[in-house]
Amino acid sequence: MLDSILIAEGRNVLDALHQLEETQRKILYVTDQDRRLLGTLTDGDVRRWILGGGDLDGIVGDVCNRAPYAATKEQDQSLIKKTMLEKHITSVPILDDDGHILSVLFWDHLFKEEEPLKTSVSLSMPVVVMAGGKGTRLAPFTNVLPKPLIPVGDRTAIEVIIDSFADYGIDEFYLSVNYKSKLIQAFFEELEPSYRLNYLYEDKPLGTGGGLHALAGRVQGDLIVTNCDVIIKTDYHALVEHHRREQNDITMVVSLRNYDIPYGICEIVDNGQLCGMREKPRYNFLVNTGLYVLNSSVLDDIPSDRFYHLTELIESVKQRGGRVGVYPISDKAWLDTGEWQQYCDTMAQLRSTPA
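If you're matching positions, the sequence shown starts at 1 in the UniProt record's numbering and goes up one per residue.
Because the hints were derived from the structure by calculation, they are not lab data.
One or more of the hints may lead you astray.
Stated by the list, open to error - Cut-off 25 Å, straight-line C-alpha distance, at most; resulting in silico cross-link-like pairs (SDA-like, lysine to any residue):
id, residue 1, residue 2
1, K81, A71
2, K82, D96
3, K26, L105
4, K182, E159
5, K332, L14
6, K318, E241
Unchecked claim - Computed beta-carbon distance windows for the label pairs:
id, residue 1, residue 2, range
7, K204, A139, 17 to 23 Å
8, L197, G153, 18 to 24 Å
9, G99, F285, 35 to 41 Å
10, V287, R155, 24 to 30 Å
Think of the CB as a built atom: it goes at the ideal place given N, C-alpha and C, for glycine as much as any other residue.
Required output: the full structure, derived from the provided sequences and hints.
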């Protein structure tokens, strides 16, 4: 158990991201070669590193928090619990006199049946699910049922997506629908959900953003917009806090992806002469996941009754001097069901994830 949350200071950021996903504890303890504590690393630390221009090949020692709270084995547990409550700390490393990590105390172990640590209030903002597409990449399944009703485990994709937001106290949802909309509406009528569900009917396909024009003037403040074929496993409180702290008009959630080219790459000059080679290079990218936080003011930029993608809205906001930011998540936090191979990969990942 302890080894799974320790990481050497010389490991790279990409390794740390993968380890964070595997541990499910949301924190790693950075050590030297003798397992002396040097710092802590969370996905928030990694996110700040990337947004500051850092590379995934950067070393953990340059990214981590070098001033973590720690306790000694002689320290009274009641004092440790008091500090955890005051500082909203979910785990504390226990050190010997030389700074070596002996163990880690976690909130759920210390407090057991007591009230779970509450660090955030419910999110009060609407979520819009863009569910009007035909899902042609999932044919022939989508010849019968609309893409939002594709099964994901024992639920439909749309249920998994909505439930992930409902877990944060969100109870107002909009579905932008067109293709087989009556089936979607009939499904929810039988489901009788506890949250409020509203429909934005598209008389014709309006792209990933055109249907949002119907909300201009109807919603205030911020809203979340998501495609109906992506499942994002992230802290939505942290996402919204980032969006507001940066005073963004739009925040795009992006996934960290890396690709290894299995061949040597040739670099040539204009006359066709070889000027260099790169042996099996690795490229790192930030990829759009299809999840956004929008300020409602940008809805006025969306034209009425026209096919319009959210990427066009982003360009429009940027051109008029608005703020468009990104919020990076790891590749394992983005589950895609938009194509058959992605759907199969998502199902395999869900089956391998502990309940």
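Straight-line alpha-carbon gap K26 to L105, limit 25 Å: holds (14 Å)
Pairwise hint evaluation, E159 against K182, where the allowed Cα distance is 25 Å at most: Given that 25 Å is the threshold and the Cα spacing comes to 17 Å, the pair holds.
K318 paired with E241 [C-alpha distance capped at 25 Å]: Measuring from Cα to Cα gives roughly 21 Å; hence the hint holds.
Pair hint outcome, K332 versus L14 [Cα-Cα no greater than 25 Å]: Roughly 12 Å between the alpha carbons, so the hint for K332 and L14 holds.
Cβ distance range 17 to 23 Å for K204 and A139, holds or violated: At 20 Å between Cβs, range holds.
CB-CB spacing for G153 and L197 relative to the 18 to 24 Å hint: Given range 18 to 24 Å: holds, Cβ gap about 21 Å.
Restraint check for K82 with D96, where alpha carbons must lie at most 25 Å apart: holds (21 Å)
C-beta pair V287, R155: status relative to the range 24 to 30 Å that was hinted: Hint holds: Cβ distance 26 Å, inside 24 to 30 Å.
Pair hint outcome, K81 versus A71 [Cα-Cα no greater than 25 Å]: Status holds; Cα separation ~11 Å.
Distance restraint evaluation - G99, F285, Cβ atoms, bounds 35 to 41 Å: Holds: the Cβ-Cβ distance is about 38 Å, inside 35 to 41 Å.
Violated hints: none; the structure is consistent with every hint.
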